[in-house]
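Peer 1: Those sequence lines, one after another, are chains Y and S. In short: position in the first sequence from 1, add 351, done, that's our numbering. In short: position in the second sequence from 1, add 351, done, that's our numbering.
Since the hints were derived computationally from the structure, they do not count as laboratory data. The reader is advised that the hints may include incorrect statements.
[Claimed, not checked] In silico SDA-like links for lysine to any residue, alpha-carbon gap of 25 Å or less:
no. : chain 1 : residue 1 : chain 2 : residue 2
1   : S       : 458       : S       : 435
2   : Y       : 518       : S       : 358
3   : S       : 458       : S       : 422
4   : S       : 460       : S       : 364
5   : S       : 518       : Y       : 355
6   : Y       : 458       : Y       : 355
7   : Y       : 518       : S       : 425
8   : S       : 460       : Y       : 518
9   : Y       : 458       : S       : 359
10  : S       : 460       : S       : 482
11  : Y       : 518       : S       : 518
Protein chains: 2
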Amino acid sequence: MEFNLPDGMAVLERTPGTLRAMLAGLPDAWTEANEGRDTWSPHIIVRHLILGDETDWIPRAEIILRRDGANHFVPFDMTGHLETTDGQHLETLLDRFATLRGDNIAKLKSWALSDEDLALEGVHPEFGVVTMRQLLATWVAHDLGHIVQIARVMAKQYRAEVGPWRKYLSVMGGQR
Amino acid sequence: MEFNLPDGMAVLERTPGTLRAMLAGLPDAWTEANEGRDTWSPHIIVRHLILGDETDWIPRAEIILRRDGANHFVPFDMTGHLETTDGQHLETLLDRFATLRGDNIAKLKSWALSDEDLALEGVHPEFGVVTMRQLLATWVAHDLGHIVQIARVMAKQYRAEVGPWRKYLSVMGGQR
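Use the sequences and the hints to build the structure in full.
Peer 2: Structure representation (structure tokens):
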């Protein structure tokens, strides 16, 4: 499937509602669960997504759009969410993410990016030259990857409880 | 995490809303995508979930609750959804699933299962003796596993489009 803006945005704009449908009002036993030491709970994943919308995707797109040669991305802080959203309840975070994402989608739409704009380049701290198109496709895939992670973390909490059915639940054996 | 009815039902009752938030109104390019030959699209997964709610989880719980010794489960039909929901649009299926799931949760609640009830047994066609508790925990994990699958199928459509970021998107390398 080739990336295009309308299809990509259709996923991006659904993520806040998906997270809300999955997590709002859910007992802490689910939202604070993880896959073991140094792994993320659904609650922490939402905090990470917020930081991405605040500091990563759109800010990097803006760096690319400068077209001034100073197109090096700022490295993303994989632990930054521990500071920026410390102590906030999940419901508050879900609201904050929905607002942020709405603003970011509005900004993306307002740019009305052409195919040429999608070919514009930025410099990733590790990968080197990447395109706007790759950045935006990654934003979409990153959302989906974290939805996968949230559902997987939750499913694994019943690893023992499902008894012999575990054999057919491939989700129990996924990464970490 | 030990299985208990309120926590388990909290997940089960959210699944229709999660599927709707993820899939309603989404372009067919996403909902009809799959992971290759003989794999399921999000659209087909919804059809499979409907068949489960119609013929598997609650009907098996009812077999267990008979307490009459005739507690052998009917084998689940892994291709039955191809007949029962043929040609139905995704939006129709999402509505049908929400109604079905609502009815099934209401039935489950009405039973007010005790810890003793959760220990009641049925006979699975492959596994032999299983408990009500294992059946219900599996229902929950099965929902979550298919949410994982839907998001993973979608993410993989951008496998090429994400370029070098693929390295950090573990979702691209998941099962199938």
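Peer 1: In ascending order, which of the hints set out earlier in this document are inconsistent with the structure?
Peer 2: Structure breaks hints 8, 9, 11.
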